[in-house]
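Per this note's numbering: the sequence shown ends with 541, consecutive numbering throughout.
Derived from the structure by calculation, the hints contain no laboratory data. Any given hint might turn out to be false.
Each computed DSSO-like pair below joins lysine-lysine, with the alpha-carbon atoms no more than 30 Å apart [what the hints assert, rightly or not]:
no.: 1; residue 1: K512; residue 2: K523
no.: 2; residue 1: K418; residue 2: K449
no.: 3; residue 1: K389; residue 2: K415
no.: 4; residue 1: K533; residue 2: K486
no.: 5; residue 1: K486; residue 2: K513
no.: 6; residue 1: K388; residue 2: K429
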Amino acid sequence: MLDNIITKFNENKNINNFDFSLRPNHDIDNPFTKTSIDIIDSLQQSIAKADKSVLADVLLDEARENINFSYKIFSQVVDMTPEDEGLLFKARIIEILNELENKYDNESEQFSDLLDFAVILTNIIEHNINNNKLEKAFITTLILFETAEEMKIRNIHIPFTLEFKEYIINNHLTLLHVISAKAHQHNDSEINNFFINEILQYINKFSYNKNIEVCFDMLYFASLLADKESAEIIYQAAAELQKHTSHSIPKAILNYINAGIIYADKGSDETADYVCRNITDYHAISNISYTCILVDDIECAEKILEFFLEKKRIPKHFKLAFYHQLQIVYSFSQNKAKFAKIAKERFALGDKNAYFDAVEAYTSLGIYEQEKADLHNTACRQLPVYDYCSLLADNKEFALLIDRFNKIKSTKDISEAVKFMDDKGIVLYDDNTNKKLLNILEVKTKYYRKLAAHVKSLLDLITV
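Can you make the complete structure from the sequences, with help from the hints?
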């Protein structure tokens, strides 16, 4: 009926039509999907041809809409020294903190502004690292650490303070590590001494118990930049820090710092030997091996990681972290056999992301078919039914998917399998896989009235 009304409306009218449908089969004549357009590349080409005044208007409009974005643009447009850029960002953070401190609303827009600005600064830090502007990256990173501490001092709403602190620790401690590793490679004594001094200043202000582990990591980063004179200062700082911690093995922390100093002074062979003999703290081992990876010292990282994985009993989460680092090492060294083995080990520990790594590695070695059954048996033991079935569906391993359904026994697994059919399995039409899976569940759910009724409704749906 409506079709007739629309047809009548269009009679004798020259009306342009636009196809608004978002169905996948409606993109055939769309040049922007047909060519899989790279929007950034296309934008770059368009900017090269654009009128400068047009670009200026666009930038100013964006800056007016988002004051945080305007600071980013200003720092990029003006040729700023690291100190000036730091002062610029510091001014905006003080402005936001002043507003945040004076607000008592727990849904404060100012906190959203602070998080938004922190994300912008994080992107700037990464950009500066990639362009070897290490002073700029370092100053901005330390400002964000200082911001987290300042929120505590100002007694800003505790959930806001904790959320911001977590964001900084999770993201910027690693960035500070990267900055220090790159500075280690460049070995500019002026920059090294600047970084060491500022890290020591931060530690001096904030080395109380709840912050002590971060301070030890920062001191390790500083140790990577040490010369003979600064090494002695760092040793003294480490000893002083020990007074602020209840760490059960004080020597473990001093060994951690000493490993960085040895790396700065003597290089990889001595460091690897020292770490394998003296370091017992798994977090420290992880950071030291990551340092080696960051500076492309692959052999040193491999020696350290393989030693601890082969010789020591390691807690599961650290073992997974070490395996992940080793995969990076084997990827760099193009050791496909070891890469595949480690991916399989990760998968056996329940890291579902390692499944595709293992499949890809074994496929490239030409032995996937030989390893498939072992991987499958491991997955059936280790992974939840829903997660593993999703992986198999994504990888189009329908025979293994059917086998996994056949092995289902517990009520929990049956429920997960039904949920999988709801979310993903219902559309697996290849070779009637969806029907085969539902037929298996039809038998498995015969003692579960609600689940059985649901399986029947899904079967009815695909047979309509």
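> Within a Cα-Cα threshold of 30 Å, do K533 and K486 meet the stated pairing?
Replying inline: holds (19 Å)
> For the pair supplied as a hint, K418 and K449, is the alpha-carbon distance within the 30 Å limit?
Replying inline: holds (13 Å)
> Is K389 within 30 Å of K415, Cα to Cα?
Replying inline: Between K389 and K415 the Cα gap is close to 19 Å, so the pair holds against 30 Å.
>> So if I understand the rule, the pair passes when the alpha-carbon distance is 30 Å or less; does K388 with K429 pass?
In response: Holds: K388 and K429 sit about 25 Å apart, inside 30 Å.
> Would the pair K512 and K523 pass a check requiring their Cα atoms to be no farther apart than 30 Å?
Replying inline: holds (17 Å)
> Is K486 close enough to K513, meaning Cα to Cα at most 30 Å?
Replying inline: holds (17 Å)
When the structure is compared with the earlier hints, no violation turns up for any of them.
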